[in-house]
Amino acid sequence: MTKTGLLKKGTALLFLTFAMGATAFAANNSNLTQSITSGTLAADILDASRVAVGSPSAALSSKTFSFDCQHTGNASTGALGSASQRLYIMNPDAADNGWTLSIAATGGATTRWANGGATQFFDFNDPTGTNPGCTDGGDADNSAGQITVDANAGTLTADCGSCVTTNVTKGSSAAFNQGTTDSVTLLNAAAASNDIWRGYLTGATLSQTIPAEQVPDNYTLNLTLTSTAL
Amino acid sequence: MRITLVATLFAFLVGMVPPVFAVENSGVGGKPANPRNDNPRSQSIFVYELEPGKTVQDAVTLINGTDQPKTVEVYPADGQIASGGAFACDQKADKRDQEAAWITLDKESVELPPASEQKVDFTLTVPKDASVGEHNACIAIQAVEAPAASGVNGVQLSFRSAIRVAVTVPGKLSKELVYDSLNVKRQDHKLLANVAVRNNGNVSLDTTLDTKVSNLLGMKVETISGEYPVLAHQRAEFNFEFKKPVWGGVYRVVSTATYNDDQGSSLGEKSDNRKTIRSSKTVFVVPNASALAADVGFVVLVALLVWRWQRAKVLHRKGKSYTVKDGDNLQSIARVLGVRWKLIARMNGIKAPYVLKPGETIRLPQKAIKKLAAKKSAKSTTKKSTKE
Numbered sequence: 000m001t002k003t004g005l006l007k008k009g010t011a012l013l014f015l016t017f018a019m020g021a022t023a024f025a026a027n028n029s030n031l032t033q034s035i036t037s038g039t040l041a042a043d044i045l046d047a048s049r050v051a052v053g054s055p056s057a058a059l060s061s062k063t064f065s066f067d068c069q070h071t072g073n074a075s076t077g078a079l080g081s082a083s084q085r086l087y088i089m090n091p092d093a094a095d096n097g098w099t100l101s102i103a104a105t106g107g108a109t110t111r112w113a114n115g116g117a118t119q120f121f122d123f124n125d126p127t128g129t130n131p132g133c134t135d136g137g138d139a140d141n142s143a144g145q146i147t148v149d150a151n152a153g154t155l156t157a158d159c160g161s162c163v164t165t166n167v168t169k170g171s172s173a174a175f176n177q178g179t180t181d182s183v184t185l186l187n188a189a190a191a192s193n194d195i196w197r198g199y200l201t202g203a204t205l206s207q208t209i210p211a212e213q214v215p216d217n218y219t220l221n222l223t224l225t226s227t228a229l
Numbered sequence: 000m001r002i003t004l005v006a007t008l009f010a011f012l013v014g015m016v017p018p019v020f021a022v023e024n025s026g027v028g029g030k031p032a033n034p035r036n037d038n039p040r041s042q043s044i045f046v047y048e049l050e051p052g053k054t055v056q057d058a059v060t061l062i063n064g065t066d067q068p069k070t071v072e073v074y075p076a077d078g079q080i081a082s083g084g085a086f087a088c089d090q091k092a093d094k095r096d097q098e099a100a101w102i103t104l105d106k107e108s109v110e111l112p113p114a115s116e117q118k119v120d121f122t123l124t125v126p127k128d129a130s131v132g133e134h135n136a137c138i139a140i141q142a143v144e145a146p147a148a149s150g151v152n153g154v155q156l157s158f159r160s161a162i163r164v165a166v167t168v169p170g171k172l173s174k175e176l177v178y179d180s181l182n183v184k185r186q187d188h189k190l191l192a193n194v195a196v197r198n199n200g201n202v203s204l205d206t207t208l209d210t211k212v213s214n215l216l217g218m219k220v221e222t223i224s225g226e227y228p229v230l231a232h233q234r235a236e237f238n239f240e241f242k243k244p245v246w247g248g249v250y251r252v253v254s255t256a257t258y259n260d261d262q263g264s265s266l267g268e269k270s271d272n273r274k275t276i277r278s279s280k281t282v283f284v285v286p287n288a289s290a291l292a293a294d295v296g297f298v299v300l301v302a303l304l305v306w307r308w309q310r311a312k313v314l315h316r317k318g319k320s321y322t323v324k325d326g327d328n329l330q331s332i333a334r335v336l337g338v339r340w341k342l343i344a345r346m347n348g349i350k351a352p353y354v355l356k357p358g359e360t361i362r363l364p365q366k367a368i369k370k371l372a373a374k375k376s377a378k379s380t381t382k383k384s385t386k387e
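Chains A and B are the protein sequences, given in the same order. Oh and the first sequence: position 132 is 131 in numbering that gives the first Met the number 0, straight run, nothing missing. Oh and the second sequence: position 257 is 256 in numbering that gives the first Met the number 0, straight run, nothing missing.
The set of hints was computed from the structure by calculation and includes no laboratory data. One should not assume that every hint holds.
Pulled from the structure, derived: some chain A residues nowhere near chain B, Cβ distances all over 12 Å [claimed, not checked]:
{"hint": "1", "residue": "60"}
{"hint": "2", "residue": "127"}
{"hint": "3", "residue": "129"}
{"hint": "4", "residue": "134"}
{"hint": "5", "residue": "135"}
{"hint": "6", "residue": "136"}
{"hint": "7", "residue": "140"}
{"hint": "8", "residue": "157"}
{"hint": "9", "residue": "162"}
{"hint": "10", "residue": "211"}
One side only, chain A facing chain B, incomplete, derived with CB under 10 Å [to be verified]:
{"hint": "11", "residue": "55"}
{"hint": "12", "residue": "79"}
{"hint": "13", "residue": "148"}
Across the chosen pairs, the derived CB separations fall in these ranges [stated by the list, open to error]:
{"hint": "14", "chain 1": "B", "residue 1": "276", "chain 2": "A", "residue 2": "53", "range": "47 to 53 Å"}
{"hint": "15", "chain 1": "A", "residue 1": "51", "chain 2": "B", "residue 2": "110", "range": "15 to 21 Å"}
{"hint": "16", "chain 1": "A", "residue 1": "158", "chain 2": "B", "residue 2": "297", "range": "40 to 46 Å"}
{"hint": "17", "chain 1": "B", "residue 1": "34", "chain 2": "A", "residue 2": "216", "range": "48 to 54 Å"}
{"hint": "18", "chain 1": "B", "residue 1": "122", "chain 2": "A", "residue 2": "54", "range": "47 to 53 Å"}
{"hint": "19", "chain 1": "B", "residue 1": "34", "chain 2": "A", "residue 2": "47", "range": "33 to 39 Å"}
All residues carry an ideal CB built from backbone N, CA and C; glycine is no exception.
Excised from the complex, chain B in its bound form (with noise of 0.2 Å):
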């Protein structure tokens, strides 16, 4: 009886308990709750094209990624240039003056269980006096949290998710990039090359930014490439971090900018029509020591060889002819001279087996020829004064 119980329980159990999957931590943000198929961009971020005057109803869902309840507050809130010329958002405090007025949320706060999310509704209304071009703004999602406590030295984080809303109203786009500055500077083991671009048009272009590093045959180093946004009437600038190349020597950074010229086209829409613009810079980078030394080394070695094969010409055009005889080889007559018998080969060419031919006219150092006479001159003189 006891283990029909035990058994019965079990069973029960095991069907009555819910199975539990593992929760993975991912914060607290959301996403466009309607993304369309005709455009790729409304899947992270909400794209409209409006009339002024015109109301657009849409969602979004607040996700909670956490294992923990939370409370979730979602605002609109204006959208500002970060520096750098990145894309940021109003703060919660901060005055909804601009493109964050456009927007009304139903709700403002929203308790969401632990991995659950939900829709939040709300509208866009175009003010009918809005011009012409891109206006930002952002859709923000915070949880809150205690607030920390007071008089605590130093700096306080929070966090926050929020989705940009891109709103164009239609009329004369127009659309230009041009380069504002290409600086290349040393760091460490590093190259910085810090690129800065301006949009003078009214929306914002969606640029592919290719920063190639090649040395002077032209041949590529390294490449980085990367897509951006820029934001219209706005500055943007990039930092990206190239290996030092580990010659040294003269090289040549070169950064294009593509992007799609279509005056037709809005935000996220595909066109043939790209423009390119380039601008380059010439830096030289110090080899580091192993390489270095490399280097001198090989200069000193060609230098070398260079000094030495212009001493042999102008030995041999200096030199004095003499006729090869029996017995003769080139170590015989260079010892007689004092000098290397290499030398000698190098002055006229010889190659190996370094063999000399009878009756050959080859050249002979002058220096070393007035040399030995001298000291013929000076072994006679001292026989004859012995003699006498």
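With the rest of the complex left out, here is chain A (with noise of 0.2 Å):
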């Protein structure tokens, strides 16, 4: 054998050295074992491919200009979960004895709608009026303004093998109230409810009452939802 050879068959095995050294040999008598830690409870909006959609929304519907306080049959409606954007909650194995999934506002309960500049505004918490949100009341803003939450108009979807909606209840309809009512409930689900789950909501709607006279602007209202384990 030459020199070259010899050096090239030399690199060879140093190589395959290098490579059997990354693999492990099995004794006679080994046991394979593999550990699968619970996750952790968590929502998310995803769609139907369950693929997470960036920057979720829930558009609510667009209102002309009123010099009347817009509510009931005329307020601004929407809907929080859809066929393409899911409010999915999971659960690996993380809350054994039960969940919530509620929603709040993001900046808390003395927060409101506003506009890109930040100029203009209106409130989700204030009951005030005859017909509830028409009218500022004794919180420290001067706006008027009141959301209402129904998930229980709603569809809740199992979505996993084994999983049913069953002990998953949806939250009754309720309007946010600074003070009294800061979080909604959305969705309850008890201790008897599958340990490993995975569905999601779809359908909850949501009635902002619009104030009279309401400056005509994009306005945005950011909500967080909340999974917490019981």
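Starting from the two chains in their separate frames, assemble the complex, guided by the hints.
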């Protein structure tokens, strides 16, 4: 064998050694072990393929300026959870004694709907008025307006092999009310609900009272959905 | 030589590249890092029994179950009551001036690679003036996301996970649950039972709620059961959906609530001292269209049968006696009288094969006999006048 041939074979052997060194040789009586740990209770907006939706949102119907308060059947409405933006909740054996999913204003009870320049506002949790939400109440701001959330109007669907919606109840219709109802319950899972569970809510309704003479603009409100292990 | 090199490189790559496991996206959140074997509730939430002035050290495991690296914030938050009496947590923007102030976390945020977890230590100190009973706070966990663009019309959503922290200050603990209301309403093809209970005690009660729909005979139609925490001094409300009974009618909705009545046992501990309270409501359910048609048809049929039986009785009572002659049968007698033979059979309780015996006395409809007599009389009068 020539020097070159020896060198090549030696190099090949060296590489093989490295490759084999990264490989474990099983002993005659070894056991393979695998640990599967529970994950975390979590909620998110996913599409129908269970891919996370960027910048999840819930659009409310556009309203025309009015000198009158727009409320009840004339309020601005929308849905939390839709066919393309499903409100998913996942419990991978994390909350074994039940959990809740609730929604609240990210900025706290004193926050308001605001336009892009933060120069125009209206409220989401003021119950004042013959028609609730049409009058500014005794809170510190000078804005009227109130959101009502109705999870019971939505549809809850289980989305995993053996899980069912039994023992997961939808929250009743409730309006935000500063200091009294700062969080609205969307779902309440009993202790007997599946410990391993994945499902989604669609069609929970949002209804926002628009105060009289509200300045026309685009308004945003940030809401946080919290999944809480009980 | 070329083959040797390729084979060598292949062996190298196979040996050195680690196996890749698929990551299931289960979000960002956390769980108690040190659950206790003596209390299964501590697997999911933090549960403590602490005297005023005492401190406990513990940890929370932050989990990034996504396939992206995440900056994860962790912070204590005061507990609050959401609509329907469910437990919820204050927002990060809210003041921490109640039980959240008892908790001090070692870190406020961590960087978590994909599919990883990390422990964050914390201490919890109960103030010396804390009242006896249960106190609730939260440890909230949230991934930092890019802020949403302003001026975008509508509601912008963000998500977080939270773990309840339940601290019981020992002393005179009281446990009392009462029913606040039970309402049942019909909604589309469902019966919606709204059950409300009130916890008048100073500790939360893990309450088993059984709500049952049964018919007037007491036969169970459907039952929904579940165990829910009802927080101290709070009213909790639950909605249970039942399928609307097809047949309609009067139904009874009964709700029972059972809880651990042992004043000495704390959250998560089992006890044989269980107390049950109950409430009930009666509701009328309209049957669905086909069931209603069947119901109406049944009622009409029964009414018809009863009417026919009654009519036969009356006719029999008011009828005239007749002695059966040779050659008589039900059909021939009925033909003469101008009535249906089955009426005569029913009047006299004659069953199949509907045979009459000569000499037997039966009752015939009086009206039919009078009509027949009038006919005969009219015939003979006509014959007389014809002869004359």
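### Hints that the structure is at odds with (numbers, increasing)
Structure breaks hints 1 and 18.
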